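A.B. asks: Construct all of the structure, not just a fragment, from the sequences and the given hints.
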Amino acid sequence: MNQLSDRITNMSTSATLAMAAKARELRAEGKDIIGLSLGEPDFNTPDFIKNAAIEAINQNYNGYSPVDGYVDLKEAVITKFKRDNNLTYTLPQVVVSTGAKQSLYNVAQVMLNKGDEVILPCPYWVSYSDIVKVAEGVPVEVKTSIDTDFKMTASQLEAAITPKTKMLWFSSPCNPSGSLYSKKELEALASVLVKHPNIYVVSDEIYEHINYTGKPHASMAGVDGMFNNTITVNGVSKAFAMTGWRVGFIGAPDWIARACNKMQGQVTSGTNCIAQRAVITALNADPSVVNYMIDEFKVRRDMVLGLLDGIEGFKTNTPEGAFYVFPDVSFFFGKTLRGKTINNATDFSLYLLEEALVATVTGDAFGNPDCIRISYAASQDQIKEAVKRIKAALV
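Under our numbering, the residues of the sequence shown are numbered 1 to 395, in order.
Don't read these hints as lab results, they were simulated from the structure.
Treat the hints loosely; a few may be bogus.
[To be verified] Below, a list of computed lysine to aspartate or glutamate pairs in the DMTMM-like style, where the Cα atoms sit at most 20 Å apart:
hint : residue 1 : residue 2
1    : 183       : 158
2    : 388       : 295
3    : 22        : 84
4    : 50        : 286
5    : 166       : 130
6    : 31        : 385
7    : 340       : 355
8    : 315       : 302
9    : 22        : 6
10   : 133       : 6
11   : 215       : 254
12   : 82        : 364
13   : 391       : 355
14   : 391       : 312
15   : 101       : 158
16   : 22        : 312
17   : 215       : 328
18   : 391       : 328
19   : 22        : 354
20   : 298       : 224
21   : 183       : 149
22   : 315       : 364
23   : 114       : 136
24   : 388       : 354
25   : 388       : 328
26   : 151       : 328
27   : 114       : 130
28   : 195       : 185
29   : 22        : 32
[Claimed, not checked] The following label-pair restraints were derived from C-beta to C-beta distances:
hint : residue 1 : residue 2 : range
30   : 391       : 255       : 49 to 57 Å
31   : 82        : 57        : 47 to 55 Å
32   : 384       : 145       : 24 to 32 Å
33   : 391       : 22        : 19 to 27 Å
34   : 3         : 82        : 49 to 57 Å
35   : 313       : 59        : 53 to 61 Å
36   : 292       : 384       : 18 to 26 Å
37   : 9         : 141       : 40 to 48 Å
38   : 333       : 28        : 29 to 37 Å
No experiment lies behind these values; they were computed from the predicted model shown.
Cβ atoms here follow ideal geometry from the backbone N, Cα and C, with glycine treated the same way.
C.D. replies: Shown next, in the form of C-alpha cells:
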C-alpha cells in the first residue's frame, strides 16, 4: 500500500535536475559527459561578495534572521528595484526567501485556491506548473513557437482568460527560450489585463541583467495600471553567479507580501544569515560589476548559434537574454538514429546524452515538446566540443 501523499506522488521530478543527476551517474561510470543542462553560471561568485560573507562570519552573524529578511537587506532590495526598474516598494512590500523558487512557491500557496487557473505562456520555467498544481491550481498552457520568438501575444492572452483565471506567470528574460518582452509587448499584454482587475501577474525577472539588447529591462509592474496587480520575483543567483547562496525576493502589494511572510514563517523562517549579508553588498553594487560575465555569455550565444546552424534539422532563433538556446528539433521526430527511434524531444535529449555524451533538457519539461534546451553557461571549448559531438551523432 502506498503511504505517500497524492500530492508528492503526482508531482513531476524537475527535468533539469533529473538530467543533471543522470549525467553525474554516467560520469561516475567513467564517461566524459559535457553538461549543457543546468541553468548555472560557470563563473565564481565575485570576490567582493565573498569577502562580505567572510566579514559577516567574523562579525558573528549566526542567529535566526527575521522571517522576511534583514531590514538593511530589504532596503538594498528597495534600492535595487528603484535603480534598475524604476519601481517604488516599501519595507512591508518586500520578502526575502531561500531562493526565487521559494518566492514563487510562497506566492502560489497564498494566492491560489483549488481550481484557480494560472496562465503559463509556453515555454515556461520547468517548476511553474508543479508549483501551481501543489497549490491546487490549474495550469493553462498558451502555446507559442520559435517563429514568434516564443512570446505570447495579447490576443492569445485574451483567449486564454476564463472566469476561473486568477494569475499569469511568465519570465523575462525567459528560461528556457531566452526571449525578452519589450516594454511595448508588456503594454500590449497589460491592455488585456487591466480589463480583468482580479487577475494577478507573477513577473519572474531573475535573468534581468543578462540582456543582450542594449535596452533597459522592462518590468510588468512598471507598466501603467499593473503595479498593484504584479508580484515581481528576482534574486541574485544568475547575474551574480550565486546559485548556491539561495537568496531570492519579491516586491508585491503589501497584503500579498504579508501573506508570504506568514507562509514562510511556518515553513523555513528566515533565509541563511551569512548569505543575506553578502547579498546586501551585491545589490548595492553597480550592476556593471558583472558586465564581464554578460559579455562572455553573449560571445557564447553567438558561438553556439553559429555552430548549430551547421547541423541540418536544428531550427534556431536568436535569444535576447538569459544563457540558453531553445532549438526546434522536430525535424528528427520519426527518424531512426543508430537503431534508436526518435519520437519526441525527450527521446532526442536522451539520445544526445547516450550517443553524443552531451546533457541537454527536453522541451517537454517546459511545455514545448518540439524543442530542447541547451545551456551555454559552459566554457567556449566545451561548447565547441559538445556541438561537434552532437553533429557526429546525427549523421
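A.B. asks: Would you mind marking each hint as holding or not holding in the structure?
C.D. replies: Structure-based check of each hint:
1. 183 - 158: holds (18 Å)
2. 388 - 295: violated (24 Å)
3. 22 - 84: Roughly 38 Å separates the two Cα atoms, so the pair is violated.
4. 50 - 286: holds (16 Å)
5. 166 - 130: Between residue 166 and residue 130 the Cα gap is close to 16 Å, so the pair holds against 20 Å.
6. 31 - 385: Holds, because 15 Å separates the two Cα atoms, which is no more than 20 Å.
7. 340 - 355: Measuring from Cα to Cα gives roughly 10 Å; hence the hint holds.
8. 315 - 302: holds (15 Å)
9. 22 - 6: At roughly 26 Å apart (the allowed maximum being 20 Å), residue 6 and residue 22 break the hint.
10. 133 - 6: holds (12 Å)
11. 215 - 254: violated (30 Å)
12. 82 - 364: Not satisfied, since the Cα-Cα distance of roughly 37 Å exceeds 20 Å.
13. 391 - 355: Cα-Cα ~11 Å, so holds.
14. 391 - 312: holds (9 Å)
15. 101 - 158: Distance ~27 Å between residue 101 and residue 158 Cα, so the pair is violated.
16. 22 - 312: Status violated; Cα separation ~27 Å.
17. 215 - 328: violated (27 Å)
18. 391 - 328: holds (15 Å)
19. 22 - 354: Measuring from Cα to Cα gives roughly 10 Å; hence the hint holds.
20. 298 - 224: Not OK: residue 298 and residue 224 at ~32 Å, beyond 20 Å, violated.
21. 183 - 149: At roughly 16 Å apart (the allowed maximum being 20 Å), residue 149 and residue 183 satisfy the hint.
22. 315 - 364: holds (17 Å)
23. 114 - 136: The given pair, whose Cα atoms are some 5 Å apart, holds under the 20 Å limit.
24. 388 - 354: Satisfied, since the Cα-Cα distance of roughly 15 Å is no more than 20 Å.
25. 388 - 328: The hint holds at about 18 Å.
26. 151 - 328: Holds - the C-alpha atoms of residue 328 and residue 151 are around 15 Å apart, at most 20 Å.
27. 114 - 130: holds (14 Å)
28. 195 - 185: holds (17 Å)
29. 22 - 32: holds (13 Å)
30. 391 - 255: 49 to 57 Å: Holds - the Cβ-Cβ distance for residue 391 and residue 255, about 54 Å, lies within 49 to 57 Å.
31. 82 - 57: 47 to 55 Å: violated (30 Å)
32. 384 - 145: 24 to 32 Å: holds (29 Å)
33. 391 - 22: 19 to 27 Å: Roughly 22 Å apart at Cβ, these two residues keep to the hinted range, so it holds.
34. 3 - 82: 49 to 57 Å: holds (50 Å)
35. 313 - 59: 53 to 61 Å: holds (56 Å)
36. 292 - 384: 18 to 26 Å: holds (21 Å)
37. 9 - 141: 40 to 48 Å: This hint is violated: roughly 22 Å between Cβ atoms.
38. 333 - 28: 29 to 37 Å: Because 31 Å falls inside the window, the suggested range holds.
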